Amino acid sequence: MEKLVYQESKCFIENFKYTFCPGCGHGYVLGIIAQLIDEFNIQGETIAVSSVGCSIFLEKFFKLDVVGASHGRSPCVATGVKRSKPNKFVFTYQGDGDALTIGFNETCHTALRGENITTICINNTNFGMTGGQASATSLPNQKTKTTPFGRDVSKYGYPIKAAEMVATCDGAAFVARCAVGSSKLYDDTKKILKKAFQNQINNVGYSFVEVLSSCPTNWGMSPVDANRHIVENVSKYYKLGVFKDITS
Amino acid sequence: MEDEEKILLKGNIAIAKAAINAGCECYFGYPITPQSEIGEYLSKAMIEEGRIFIPCESELAAINMVIGAGSTGTKAMTSSSSCGIALMQEAISAMYCQQVPGVIVSVMRGGPGLGNIAPSQGDYNQACYGGGNGDYKVIVLSPSTIQESIDLTYLSFHLAFKYRCPVILLADGILGQMMEPCSINKNPYNDYDYNIEKWALNGAKNREPRNLVSLHMDLGELEKLNYDLNKKFLEIEKNEIRYEIFLTDDANIIITAFGTVARVAKTAVKQAREMGIKVGLFRPITLSPFPSNKLGNLICSNVKIVLDVEMNLGQMLKDVRSSVFGKCAVKFMGKPGGGIINSDEILEKIIDINNNIES
Amino acid sequence: MEKSIIIAGYGGQGVLFAGKLLSYAAIIENMNTTWIPSYGAEMRGGSANCSVKIANDEIGSPIINKPDILIALNIPSFNRFEKDVKKDGLIIVCASENEVTKSRDDINYFFITLKNLTKNIQLSFINIVALSAMVRKTKLLKIESLILALNKLIPKNKLHMLTSNIEAIKLSAKFVFDNKNSKVFV
Numbered sequence: 001m002e003k004l005v006y007q008e009s010k011c012f013i014e015n016f017k018y019t020f021c022p023g024c025g026h027g028y029v030l031g032i033i034a035q036l037i038d039e040f041n042i043q044g045e046t047i048a049v050s051s052v053g054c055s056i057f058l059e060k061f062f063k064l065d066v067v068g069a070s071h072g073r074s075p076c077v078a079t080g081v082k083r084s085k086p087n088k089f090v091f092t093y094q095g096d097g098d099a100l101t102i103g104f105n106e107t108c109h110t111a112l113r114g115e116n117i118t119t120i121c122i123n124n125t126n127f128g129m130t131g132g133q134a135s136a137t138s139l140p141n142q143k144t145k146t147t148p149f150g151r152d153v154s155k156y157g158y159p160i161k162a163a164e165m166v167a168t169c170d171g172a173a174f175v176a177r178c179a180v181g182s183s184k185l186y187d188d189t190k191k192i193l194k195k196a197f198q199n200q201i202n203n204v205g206y207s208f209v210e211v212l213s214s215c216p217t218n219w220g221m222s223p224v225d226a227n228r229h230i231v232e233n234v235s236k237y238y239k240l241g242v243f244k245d246i247t248s
Numbered sequence: 001m002e003d004e005e006k007i008l009l010k011g012n013i014a015i016a017k018a019a020i021n022a023g024c025e026c027y028f029g030y031p032i033t034p035q036s037e038i039g040e041y042l043s044k045a046m047i048e049e050g051r052i053f054i055p056c057e058s059e060l061a062a063i064n065m066v067i068g069a070g071s072t073g074t075k076a077m078t079s080s081s082s083c084g085i086a087l088m089q090e091a092i093s094a095m096y097c098q099q100v101p102g103v104i105v106s107v108m109r110g111g112p113g114l115g116n117i118a119p120s121q122g123d124y125n126q127a128c129y130g131g132g133n134g135d136y137k138v139i140v141l142s143p144s145t146i147q148e149s150i151d152l153t154y155l156s157f158h159l160a161f162k163y164r165c166p167v168i169l170l171a172d173g174i175l176g177q178m179m180e181p182c183s184i185n186k187n188p189y190n191d192y193d194y195n196i197e198k199w200a201l202n203g204a205k206n207r208e209p210r211n212l213v214s215l216h217m218d219l220g221e222l223e224k225l226n227y228d229l230n231k232k233f234l235e236i237e238k239n240e241i242r243y244e245i246f247l248t249d250d251a252n253i254i255i256t257a258f259g260t261v262a263r264v265a266k267t268a269v270k271q272a273r274e275m276g277i278k279v280g281l282f283r284p285i286t287l288s289p290f291p292s293n294k295l296g297n298l299i300c301s302n303v304k305i306v307l308d309v310e311m312n313l314g315q316m317l318k319d320v321r322s323s324v325f326g327k328c329a330v331k332f333m334g335k336p337g338g339g340i341i342n343s344d345e346i347l348e349k350i351i352d353i354n355n356n357i358e359s
Numbered sequence: 001m002e003k004s005i006i007i008a009g010y011g012g013q014g015v016l017f018a019g020k021l022l023s024y025a026a027i028i029e030n031m032n033t034t035w036i037p038s039y040g041a042e043m044r045g046g047s048a049n050c051s052v053k054i055a056n057d058e059i060g061s062p063i064i065n066k067p068d069i070l071i072a073l074n075i076p077s078f079n080r081f082e083k084d085v086k087k088d089g090l091i092i093v094c095a096s097e098n099e100v101t102k103s104r105d106d107i108n109y110f111f112i113t114l115k116n117l118t119k120n121i122q123l124s125f126i127n128i129v130a131l132s133a134m135v136r137k138t139k140l141l142k143i144e145s146l147i148l149a150l151n152k153l154i155p156k157n158k159l160h161m162l163t164s165n166i167e168a169i170k171l172s173a174k175f176v177f178d179n180k181n182s183k184v185f186v
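Residue numbers (our numbering), protein chains in the order written: chain G, 1 to 248; chain Y, 1 to 359; chain Z, 1 to 186.
Derived from the structure by calculation, the hints contain no laboratory data. It cannot be assumed that every hint is accurate.
As the list claims (entries may be wrong) - Derived SDA-like pairs (lysine to any residue); straight-line CA-CA distance at most 25 Å:
(1) Y/Lys270 - Z/Lys87
(2) Y/Lys270 - Z/Asn56
(3) Z/Lys3 - Y/Arg273
(4) Z/Lys87 - Y/Leu347
As the list claims (entries may be wrong) - Listing some non-contacts, in silico: residues in chain Z with all C-beta distances to chain Y over 12 Å:
(5) Asn79
(6) Asp105
(7) Leu141
This one's a predicted model, so the numbers in the text were calculated from it and none came from an experiment. Glycine included, each C-beta is placed from N, C-alpha and C at the ideal position.
All chains, full assembly: derive it from the sequences and hints.
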């Protein structure tokens, strides 16, 4: 008897190739997004907003309408899309450099306005696409291309705990931090993203999901070590969980 | 113009009313003098019309919301002034590249920096040549009366959607703040079909997915896109050039001026004509594309001097010079930083030039 | 014909409204007109002014450096703009003659205060009174046009004051007519 164990999401372009490094966390999250779009059957109703960073090439993977945004401004572009087409499903896919470093003002104001969109923010604690420089989320003492001696918080300040901050915005409906790095974390992430999708479909308001993700190349680790780093270190500094949920 | 009732409107309000009439569905903005009345007016009018008004966190946010709405084929607009428009440059370059339509109203004040709030034309370069990156061009329309501000607001939306590109309506503090009789006529482009269903994003249902992005990394992809976009702009140049000429036929002196200064210069031209001086006026309405050939063709043997007058230090001057192409001398008078030129000063200059021609 | 008028006073005296009224009356008589306020930081201070041009032909700049006519709703405005008025120009001053120091002998002055009117008129009507005096004095426009413009422009929440405003216009015009002894401005 044949048993279906895996089926490629209909949302993916046939024979697409990820442009990511081996072991990169982006692929896991994009896979979840594709599955959720299938599950909610919204492929034809979705407008995705890409950002600047490794998160950029959505149109290369997804059979979705995609509009690009300048660095840090995808929440604004998404606001324009959603306000003009309130019945469409609109999500932004951003990295920590985009949403939390250059564009945190836009992130917060979009949350404050309670835009009925979904933001997925991949936090891999560095600027991945440009080759691993320090971003606002780089951990204390983390070595990066621009913190070769480790992030010295007395000189460069502390990492931004974005989910906690966004949760203080009264307009935000759902704010959570999850991670990819183990199958357990992956399953939790899917649940949380599903909730963030469902919220928009139910017109609940703004959902912000920060996903801790690996960057083996720039961290100088093997994919396995990178995943272990998420579980043992990154998720200790950035606590996982749901920080706000007005539907619960 | 149709024979509607004349009403008295402030330029900023006239632009806002025209935007409503033009079918602008979304307004995104951040206050800055001397154009805040546009947002203030629309904060009420758009809501009453059941349309979208968002008071944004910054000009960056505003222009990027315009991109979002524009990408779905929705008419959207933002408005700002000098330093606020400066913040929008990155997005304007992106709009050109992504072929997203949108209207940006720029009501110039004194610069550089925060400058002052006096009327100025110091952002000719900013509008026409921009601060965004890459080989991009923007359609720039320059009204010189309140009625024209209305008509060019209609035209801005029309051209933005006809060619899928950003359009800047370039006014100044005087045009924004002054009142003048005008009539809110009907949008002449109401019935124009822009074929937005052929490109706009509305979800890839039963069709190939579409994308409007500005990163093109494949080999040769961006080069080709640049050629295609440039071809489109050449088409715009062919079809959409607008300008006004006034008493240039027998002129020995031609004044070039745009916007507010052009109307001031017109007064000076009339006064000089009464004194028997053969002077005319050339006023570009599309500052970009600049009506180079039209100005160049005016420079025949009886034209001795072109006098370019601007409320800046000569930003349009290089366009005037390249149009005149060395066929006669080009002189300049102007005032930067919010200095206002009056007709007496221009007249004095005309008389001075005329005396030198004759002697 | 092109006449330039600066109206100046304290913020709250209805300076800008008086200017709009004047411009609208000009539209009613099929003339061209421009109106521009002092704006921005200046309007946060205590003073306000606006510039109105009225002409048969197209109007170039709406900005006025040297007005033909100044309407000074208070003495500080009189002091500020008196020197700018064109030779042979006119100043309508909302004060009595002994309250100000005239520093020019090449322009005309006309003094009017609410006490000059034969009935009690509210202080808040001083803008209308001064404007009416100017229109009557210069015959730049018809008083009827001013009244028509007022009908058009008066805000809904002030409609109950329309009649008393019109009365103020008429009383002011009457005062001008009764005081022909002052030099007539053409």
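Quick rundown of the hints versus the structure:
no.: 1; hint: Y/Lys270 - Z/Lys87; result: holds (23 Å)
no.: 2; hint: Y/Lys270 - Z/Asn56; result: holds (14 Å)
no.: 3; hint: Z/Lys3 - Y/Arg273; result: holds (20 Å)
no.: 4; hint: Z/Lys87 - Y/Leu347; result: holds (20 Å)
no.: 5; hint: Asn79; result: holds (23 Å)
no.: 6; hint: Asp105; result: holds (24 Å)
no.: 7; hint: Leu141; result: holds (14 Å)
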